[in-house]
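J.: Protein chains in written order, with UniProt numbering: chain A, 1 to 219; chain B, 1 to 215; chain C, 1 to 254.
Since the hints were made in silico from the structure, they are not lab data. There may be inaccurate statements among the hints.
[As the list claims (entries may be wrong)] The calculated EDC-like cross-link candidates involving lysine to aspartate or glutamate, where the alpha carbons are at most 20 Å apart (straight line), are: (1) C:Lys192 / C:Glu182; (2) A:Lys130 / C:Glu57; (3) C:Lys168 / C:Glu182; (4) C:Lys24 / C:Glu229; (5) C:Lys250 / C:Glu229; (6) C:Lys86 / C:Glu63; (7) C:Lys141 / A:Glu216; (8) C:Lys168 / C:Asp67; (9) C:Lys168 / A:Glu121; (10) C:Lys86 / A:Glu121; (11) A:Lys130 / C:Glu81; (12) C:Lys250 / C:Asp140; (13) A:Lys50 / A:Asp106; (14) C:Lys74 / C:Glu57; (15) C:Lys249 / C:Glu228; (16) B:Lys182 / A:Asp85; (17) C:Lys192 / C:Glu207; (18) C:Lys118 / C:Glu81.
[Claimed, not checked] Chain C regions said to be covered by chain A (calculated; three or more residues, Cβ under 8 Å): (19) 111 to 121; (20) 159 to 172.
[As the list claims (entries may be wrong)] Negatives, chain A to chain B, calculated, CB over 12 Å: (21) Ile18; (22) Leu40; (23) Ala48; (24) Val52; (25) Val80; (26) Val115; (27) Ile139; (28) Leu158; (29) Tyr198.
Note that the coordinates shown come from a computational prediction; the quantities given were computed from them, not determined experimentally. For each residue, glycine too, the CB sits at the ideal point set by N, CA and C.
Residues per chain, in single letters:
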Amino acid sequence: MQGLDFTVVAPYWDLLLIGAWWTAVLTVSAGALSFVGGILFAVIVLYAPKIVAYPVRALMWVFMGTPLLLQLFLIYFGLVQIGIDIPALAAGIVGLGLHFAVYNADIIRAGIVAVDVGQTEGARSIGFGKWQTLRHVVIPQAIRNTAPPIGGNLIALLKESSIVSVIGIAELVHSAQLAISETFRPFEFYITAAALYYILNLVLEAALRRFERHVEVSR
Amino acid sequence: MDFSLMQRVFPFFVEAALVTIEITVLALILGLAAASLAAAAKMSKSAILRTIGTVYVSLFRGTPCLIQLFVLYFGGPQIGINLEPFAAGVIGLGLNIGAYMAESIRGALVAVDRGQTEAARTIGFSRFQTLRKVVLPQAARLMIRPLGVNTVALLKGSALVSTISVVELTYTAQRFIGSTYKPFEIFGVAALLYMIMVYAVARVVDLLDKRFAIV
Amino acid sequence: MSTQRPMVEVRGARKSFGAVEVLKGIGLSVDRGQIVAIIGPSGSGKSTLLRSINHLESLDSGEVWLDGVQVNQKLHGHAFERHINKVRQQMGMVFQHFNLFPHLTVIENISMGPIILKGMTKSDAHALAHSLLSKVGLADKIDAYPSRLSGGQKQRVAIARALAMQPKVMLFDEATSALDPELVDEVNAVMKQLAAEHMTMLIVTHEMRFAGEVADRVLFMDGGVIVEEGPPGDMFRAPQKDRTRSFLKKYLSA
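Construct the entire structure; sequences and hints are all you get.
T.: Right under this line is the structure:
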C-alpha cells in the first residue's frame with residue numbers, strides 16, 4: 001500500500017486530454033457509421049430480396065449474440081489473416097460502428113414498421129414510388145420516433161469505445177495505461193480517466209437532450 | 001477453415017465457457033443485490049440514502065465497465081484491496097450491472113399505476129404492505145424483460161474480465177490465437193459458445209415473460 | 001349526354017377481402033368537370049371503390065380508366081410501379097385522417113410532390129404552395145407543423161397538397177368524417193370552391209345535405225353494388241328503390 005497522490009497526474013494531463021479527444025473522435029465516427037449502417041440494415045432486413053436479407057439477418061444475429069471484444073479481435077486479427085492489413089484505428093471504428101449499427105437496425109426496423117400505413121398511402125397517392133416514400137416519408141419519421149433509444153446506443157458506444165484500447169488504439173484508456181507504465185500509479189490514472197469519461201458522458205447526454213427537444217418541436 | 005483445429009480446441013473452450021457462466025451467475029447475484037438496495041435507496045424518504053443511491057447509479061453508468069474493472073484490480077492494491085482476478089471480475093461486473101439493474105427495477109416500480117397504491121392505502125394497508133402485496137407482484141412482471149436484457153449484457157460484458165487475466169472464454173480464445181494464429185477458427189468457436197449461452201438466456205427470459213404475463 | 005371521353009371510368013370492378021366480396025361488379029363513368037357523390041352505409045364498398053380508382057386497393061377483376069389511360073394495367077414489377085406513379089400524379093386523393101407528413105412543415109408538405117416528382121424548383125414550388133394555401137385560407141400557416149393545426153386546417157392543407165400536383169380529378173374519401181362538427185363547414189367550403197371551378201370530383205361522404213348541394217349526380221351503394229343513381233334532387237325527393245328509401249329516411253331525419 002503506497003497511499004494516493006493525485007499530483008502524479010499533472011505531468012500527464014496533456015496525454016490524457018489527447019486520449020479523451022481520440023475517444024470523442026472514435027465515438028463520433030463510429031456513431032455516424034452505426035447510424036447509417038443501422039438504417040441500411042433495417043431497410044435490407046425489411047425490403048431486400050431474401051438472398052441479401054438473410055445474410056444480413058444472420059450477421060445481426062451473430063453480432064447481437066457475441067461480445068464486442070470478441071468482434072473487435074475477429075475484425076482486427078481476422079482481416080490480417082486474409083491479407084487485409086487495416087490500421088487499428090480503422091478496425092476500431094468499423095468494429096464499434098458495425099456492433100452498434102446492428103442494435104440501431106433493430107430499433108429502426110421496429111420504428112419503420114410502426115409508422116402509420118396512412119403515411120405511405122398519402123405519399124403513394126401523390127405519386128411517390130416505394131423508395132421515394134420510404135426515403136422522404138417513412139424513414140425520417142421512424143428515425144424521429146426512435147431518436148431516444150438511438151441516442152441511448154450512442155451513449156453506450158462512448159463507454160464501450162474504451163474496449164478498443166485492447167487492439168492498441170491510442171484513446172483515453174490507452175493514454176492512462178501509457179502513463180501508468182511510467183509511474184506505476186494505476187489508481188490515480190484510472191480514476192482520472194473515469195472522471196474524463198464521466199464528463200464526456202454528461203456532455204453527450206446534454207447534446208442529445210437538446211437534439212431531442214429540437215425534434216420534439218416538429219411533431 | 002481448419003475444422004480439425006476447431007475440434008481439437010473445443011474441449012478447452014467448453015471448460016472456459018463454464019468459467020464465463022460461473023462469473024456471470026455470481027455477478028448476477030451480486031448485481032441483483034446491489035440493484036435492489038440502490039433502487040430502495042433511490043426511492044426512500046431519507047435524502048442521504050437517495051443521494052447514495054443516485055451517486056452509485058450515476059457513477060457506474062456514467063463510466064466504462066472496463067475502467068471500473070481496472071480501478072478495482074490494478075488500482076485496488078494502492079488502497080489496500082488485493083483481489084484475485086476472478087474475484088475482482090465478479091465484483092466489478094456485479095457492481096456495474098447492478099447500477100443498470102437498479103434503473104430497471106425502479107422503472108418497473110414507478111410504472112405500476114399510482115391508482116394501485118392509492119387504492120391499497122385507502123383500504124388501510126401500510127406503505128410496506130402496499131409494496132409487498134400490491135406493487136411488487138405487479139412490478140415483478142414488468143421487470144422480467146429489462147432485467148433479462150441486463151443479464152444478456154452482463155453475459156457478453158463478462159468478456160471484459162479477460163483483460164484482467166481471468167481465464168474465461170475470451171481469454172482462452174486469445175491464448176489460442178497466440179499459439180495457432182487462426183483467428184477465424186478460434187474466434188468462431190468462441191462466438192458459437194457465446195451465442196448458445198446468449199440465446200439460451202434470451203429464451204429463458206421469453207419463457208418467464210410468457211409465464212407471468214397477465215392475460 | 002356528352003359524347004366526350006369520360007374522365008374516370010370503372011368497368012366490372014370486383015374485389016374481395018377474404019371471403020367477403022365488397023365490390024360485386026361495379027360500373028361507373030364520370031365526365032370531365034362532373035361532381036359525383038357516393039353515399040351508402042358503412043361496409044357498402046364505397047371507400048374501397050374510391051381507393052381502387054387510386055389503386056390503393058387492387059381489383060380482383062375489372063378495369064379502372066383515367067382520361068383514356070387504364071390505371072390497373074397488366075404490367076409487372078418496375079414497369080407497373082413507373083406507370084402507377086405517373087397515373088397517381090394526375091389524381092388527388094384526400095383521406096379521412098388527412099395523412100399529412102408530421103415531420104414536414106405545411107409548405108414542405110405541399111411543395112414536396114412538385115419538387116421531387118415534377119422537378120419544379122424550390123422557389124416555384126413554394127410560390128405554388130403559397131397560392132394554394134391562400135386559396136384554402138391558410139396563408140398564415142405556411143411554416144407550422146401539422147401537429148399545431150386543427151383537424152379542419154389539416155384537411156385543408158391536405159387538399160392543397162393534392163391540388164399542388166395539378167390533378168385531373170380529386171377523390172375525397174370521407175374527408176369530413178373525422179372532424180368535429182364545427183370544423184366541417186370550412187372544409188366543405190373549399191370543396192364547393194373547387195366545384196365552382198369545375199374540378200372533376202368523386203366524393204365519398206356521409207353528409208347528405210352537402211352531397212345535395214354540390215353533386216351533379218349521387219350514387220347510392222349498398223352491399224357492393226350501386227343500387228340507384230341520379231341527380232340529387234330526384235334521389236333525395238323520390239328514391240325509386242326500397243333500400244335507398246330506408247337508408248335516406250334514417251339519414252335525412254337524423
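J.: Evaluate each hint against the coordinates.
T.: Hint by hint, here is what the structure shows:
Using a Cα cut-off of 20 Å, the hinted pair Lys192 (chain C) and Glu182 (chain C) holds, with the two alpha carbons roughly 17 Å apart. With a C-alpha separation of about 15 Å, the suggested pairing of Lys130 (chain A) with Glu57 (chain C) holds against the 20 Å cut-off. A C-alpha spacing of about 30 Å is found between Lys168 (chain C) and Glu182 (chain C), which places the hinted pair above 20 Å, so the restraint is violated. Of the supplied pair hints, the one linking Lys24 (chain C) and Glu229 (chain C) holds, its CA atoms being roughly 16 Å apart against a limit of 20 Å.
Annotation: proposed proximity of Lys250 (chain C) to Glu229 (chain C) holds, straight-line Cα distance about 18 Å (limit 20 Å). Straight-line distance between C-alpha atoms of Lys86 (chain C) and Glu63 (chain C) comes to about 17 Å, which keeps the hinted pair within the 20 Å bound. With a C-alpha separation of about 19 Å, the suggested pair Lys141 (chain C) and Glu216 (chain A) falls inside the 20 Å cut-off, and the hint holds. With a CA separation close to 8 Å, the supplied pair Lys168 (chain C) and Asp67 (chain C) stays within the 20 Å bound.
With a C-alpha separation of about 19 Å, the suggested pair Lys168 (chain C) and Glu121 (chain A) falls inside the 20 Å cut-off, and the hint holds. Straight-line distance between C-alpha atoms of Lys86 (chain C) and Glu121 (chain A) comes to about 15 Å, which keeps the hinted pair within the 20 Å bound. Proposed proximity of Lys130 (chain A) and Glu81 (chain C) is supported: the alpha carbons are some 8 Å apart, at most 20 Å. Distance check on the hinted pair: Lys250 (chain C) and Asp140 (chain C) sit about 41 Å apart at the alpha-carbon level, beyond 20 Å; violated.
Only pairs whose Cα atoms come within 20 Å are accepted, and Lys50 (chain A) paired with Asp106 (chain A) is accepted, the gap being roughly 17 Å. Proposed proximity of Lys74 (chain C) and Glu57 (chain C) is supported: the alpha carbons are some 15 Å apart, at most 20 Å. Restraint check: the Cα-Cα separation between Lys249 (chain C) and Glu228 (chain C) comes to about 15 Å, which is no more than 20 Å; the hinted pair holds. At roughly 15 Å between alpha-carbon atoms, Lys182 (chain B) and Asp85 (chain A) fall within 20 Å of each other, so this suggested pair holds.
Among the hinted pairs, Lys192 (chain C) with Glu207 (chain C) is consistent with the structure: their alpha-carbon atoms are about 14 Å apart, no more than 20 Å. Straight-line distance between C-alpha atoms of Lys118 (chain C) and Glu81 (chain C) comes to about 16 Å, which keeps the hinted pair within the 20 Å bound. Only when three residues or more bring their CB closer than 8 Å to a CB of chain A does the claim for the region 111 to 121 of chain C stand; here the count is 4, and the claim holds. Check result for the region 159 to 172 of chain C against chain A: holds, 3 residues qualifying (beta carbon to beta carbon below 8 Å, three or more required).
With a closest Cβ-Cβ approach of about 17 Å to chain B, Ile18 (chain A) is found to remain outside the 12 Å limit, as its non-interface label requires. Here Leu40 (chain A) stays apart from chain B, with its beta-carbon at least about 23 Å from theirs, past the 12 Å limit. The beta carbon of Ala48 (chain A) sits about 24 Å from the closest Cβ of chain B, which is more than 12 Å, so the claim that it is off the interface holds. Every beta carbon of chain B lies more than 12 Å from that of Val52 (chain A), the smallest distance being close to 22 Å; the non-interface claim holds.
The beta carbon of Val80 (chain A) is not kept farther than 12 Å from every beta carbon of chain B, the shortest such distance being approximately 8 Å. No Cβ of chain B approaches the Cβ of Val115 (chain A) within 12 Å, the least distance being about 24 Å, so the stated non-interface status holds. Its beta-carbon lying about 26 Å from the closest one in chain B, Ile139 (chain A) satisfies the requirement of being farther than 12 Å from that chain. Its beta-carbon lying about 8 Å from the closest one in chain B, Leu158 (chain A) breaks the requirement of being farther than 12 Å from that chain.
Its closest Cβ contact with chain B, about 5 Å, brings Tyr198 (chain A) to no more than 12 Å, contrary to its assignment away from the interface.
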